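Protein chains: 2
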Amino acid sequence: MTMKFNSHFNDINESYLFAEVAARTQTFRAANPESDIIKLGIGDVTLPLAPAVIAAMRSAVSEMSEKDTFRGYGPYEGYDFLRESIRGYYGSFGVKIAADEIFVSDGAKSDLGNILDIFSEGGTSLITDPVYPVYVDTNLMAGRKVIFADATEQNDFLPAPDYKVTADIIYICSPNNPTGAAYTLKGLQEWVDYANKTGAVILYDAAYESFISDGGLARSIFQIEGAETCAIEFCSFSKTAGFTGTRCGYTVIPKALEREGLNANKLWLRRQATKFNGVSYVVQRGAEAVFTAEGQKQIRENLAYYKRNARVIADGLDELGIKYTGGKNSPYIWLRCPDNAGSWQFFDLLLNGAQVVGTPGAGFGKNGEGYFRLTAFGSREDTVRAMQRIKKLL
Amino acid sequence: MTMKFNSHFNDINESYLFAEVAARTQTFRAANPESDIIKLGIGDVTLPLAPAVIAAMRSAVSEMSEKDTFRGYGPYEGYDFLRESIRGYYGSFGVKIAADEIFVSDGAKSDLGNILDIFSEGGTSLITDPVYPVYVDTNLMAGRKVIFADATEQNDFLPAPDYKVTADIIYICSPNNPTGAAYTLKGLQEWVDYANKTGAVILYDAAYESFISDGGLARSIFQIEGAETCAIEFCSFSKTAGFTGTRCGYTVIPKALEREGLNANKLWLRRQATKFNGVSYVVQRGAEAVFTAEGQKQIRENLAYYKRNARVIADGLDELGIKYTGGKNSPYIWLRCPDNAGSWQFFDLLLNGAQVVGTPGAGFGKNGEGYFRLTAFGSREDTVRAMQRIKKLL
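Chains as they are written, first to last, in numbering that gives the first Met the number 0: chain A, 0 to 393; chain B, 0 to 393.
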């Protein structure tokens, strides 16, 4: 017998996207040491944690310092105080879920990867292109087959189901990273109907739902009739409340989601009980504070700040007559590179001509070629200056 | 095509151990509402976080409240400041590892489960019996074959390798949960030699290494010659520094561990980059403080407190002439039930006769029948009172 490591890891393309972005930026900086480069490519937040979150974390740290209030092992699935807060949040936009359908985790990315543990081996996953690379890589690592649904200008970057194609897992991210496109309730209903008819399960990434302001767009897949028998939803405090370095998310698995006698909610509970030990108490108290009246007010102010940045970018592109999606209900702006430039060609143009760094769309899949992603997570000042330079350049 | 969930979950026995302990305790309490029950069965710590850890976490929370010191996404593999501290800690007992061989995580349990991602499908795991149930369950969930190495009184609960048996993964936990037995450097060398000869990989759980005081016992498998080509080590702040509810651990994967061109360190880095997003910054700062001079002094005081509890239990069992292992280099005491009582029979005897709750050994595997686990993580007062009652009873 020879011990073998998982050779499916060989199927993953090394992601050169951000490494290449960093390398080209570094080369430019070396040649132009005095240059003032503005980064509008980052997916990370820049505003600090809200005061309500800070106060809750401080208080929780103090609890951990005293014998009488110290907390050891917590529930694998998250403390009731946080699950109840999340349940109430869903209720605020009309979605009824039970607290024991909510699983608190250290982030949506972990759960989106680990969820494959509860699916049988083999099988096919349908993933939109362009895409957040994690969906593809986790599937390839697990030895699953990946097929793509094209998200293009023709379908407003919102592909509809094709009944000639079948898959057992479908990934939908709305509002989308990288395109910023968001499904309407009606558009999402088509996917739910398709999944219920074909027996597929939808893994719905709602990490950017808090950026939605338009009424007709879906905040949660559980606003859709029938979703409770075909969907799992992943959400995160990362972008909503600036938790990218604090780490907390949650996954909603309806108790009605079953196939051949196996219940997804019970499988995931068992998975988490066996391979996870809950999220830090201090972090869960911080997350709970996000849902207080004070916390909601503060994080809404932060979201408004980022959304005004998105507006600055969108207005600039409008003036230039450049086509884009996103920006209104999303922190991402996905633009068509002008003059039919390639993604990397446009990257070099912006870097050399305006000292602005963005993300070439080609890094998100074949349909990303010719597109470019800008993000609203920078400071106002940088965003305004970047757009002034881009307008001057183009 | 029909979507299927992972039917390997059906292979796992529902763990009734702690549920049954709770149910019997509850029944007794209902019948004896005035009874003063002492729990010596818990594996959770009871002392609060050390002041140095609290100060570091408070300071980190403050950093997160200001724009200039706020931290977003951190490195998947952990901040350098913590990896360097861990590297220095290993150096303090003579083990040389590089910082990039250390991966910070939310706990040893997560990594022990998730590490199977980097191994090929199928395969056989060799696990000692009795055992921490997580090793067995994670393997069954992944569809792997599990075989057992008997840990019995005959081998002092420290099985040696049997060259007639082959497996591609070997689990060793030392000091052991539940038996408290710990391998000598010589005993562990036999396993390392066996693994290198057969090509197996040892997953070494060192979660209780900080309880070791005897010089001849192994603190780390990397004290053993040849371990860097056959072993991965898992460690945790849970018991060392009371992080059971704070969540932090680390895994050491030598860069020399390769099979058929696949490098374990690179595979795990890729796994973590794809399915994990690092540990909370605030928690990592708390963990860093464990390794300062002040932090080490404080956690050593806490460890000494638990070890004195273990001594109280061990002394009581000595007076009673009851055989046991552990207690000296481990927080666990594993005792032979007197008068050839069964594990559950002895559980009922202690509960009814002394109002003391422990853990029946049968819950840890077939070799646990006839044994019983007591833990040193309670308060001094409770531990002393419990042993007084047990001595009176038996």
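Honestly, the hints are just simulated from the structure, not real lab data. Since this is a predicted model, take the numbers as computed values, not measurements. Mixed in with the good hints, there may be bad ones.
Same chains, same label: a pair holds when it works inside one copy or across any pair of copies.
To be verified - Quick list of in silico lysine-lysine cross-link-like pairs, DSSO-like style, CA-CA up to 30 Å:
id, residue 1, residue 2
1, K265, K95
2, K254, K66
3, K390, K185
4, K144, K306
5, K66, K327
6, K38, K196
7, K390, K365
8, K327, K3
9, K144, K390
10, K3, K38
11, K66, K306
12, K196, K144
13, K144, K66
14, K163, K390
15, K365, K265
16, K296, K390
17, K265, K144
18, K3, K144
Evaluated hints:
1. Taking the shortest Cα distances, K265 and K95 sit within 30 Å of each other inside one copy (19 Å), while across copies they are farther apart (43 Å).
2. Taking identical chains as interchangeable, the C-alpha atoms of K254 and K66 are never at most 30 Å apart, the minima being 38 Å within one chain and 41 Å between chains.
3. In this assembly of identical chains, the alpha carbons of K390 and K185 never lie at most 30 Å apart, being 37 Å within a copy and 71 Å across copies at closest.
4. Taking CA atoms no more than 30 Å apart as the test, K144 paired with K306 passes in neither setting, with 37 Å inside one copy and 52 Å between copies.
5. Only between protomers do K66 and K327 lie at most 30 Å apart by alpha-carbon distance; the minimum there is 25 Å, versus 49 Å within a single protomer.
6. Proximity of K38 to K196 under the C-alpha cut-off of 30 Å is found in neither arrangement, the shortest distances being 45 Å within a copy and 52 Å between copies.
7. Proximity of K390 and K365 under a CA criterion of 30 Å is satisfied intra-copy only: 28 Å inside one chain copy versus 74 Å between copies.
8. Within a single copy, K327 and K3 get their C-alpha atoms no closer than 49 Å, and across copies no closer than 38 Å, so neither meets the 30 Å cut-off.
9. Taking the shortest Cα distances, K144 and K390 never come within 30 Å of each other, neither inside one copy (43 Å) nor across copies (63 Å).
10. For the identical chains of this complex, K3 and K38 are neighbours neither inside a copy (42 Å) nor across copies (44 Å), given an alpha-carbon limit of 30 Å.
11. Taking the shortest alpha-carbon separations for K66 and K306, only the inter-copy value of 18 Å comes in at or below 30 Å, while the best intra-copy value is 44 Å.
12. In this assembly of identical chains, the alpha carbons of K196 and K144 lie at most 30 Å apart only when taken from the same copy (21 Å versus 36 Å across copies).
13. For the identical chains of this complex, K144 and K66 are neighbours neither inside a copy (51 Å) nor across copies (43 Å), given an alpha-carbon limit of 30 Å.
14. Taking the shortest Cα distances, K163 and K390 never come within 30 Å of each other, neither inside one copy (45 Å) nor across copies (74 Å).
15. For the homomeric pair K365 and K265, the shortest alpha-carbon distance between copies (27 Å) is at most 30 Å, but the shortest distance inside one copy (37 Å) is not.
16. Within a single copy, K296 and K390 get their C-alpha atoms no closer than 34 Å, and across copies no closer than 60 Å, so neither meets the 30 Å cut-off.
17. For the homomeric pair K265 and K144, the shortest alpha-carbon distances inside one copy (26 Å) and between copies (23 Å) are both at most 30 Å.
18. In this assembly of identical chains, the alpha carbons of K3 and K144 lie at most 30 Å apart whether taken from the same copy (21 Å) or from different copies (15 Å).
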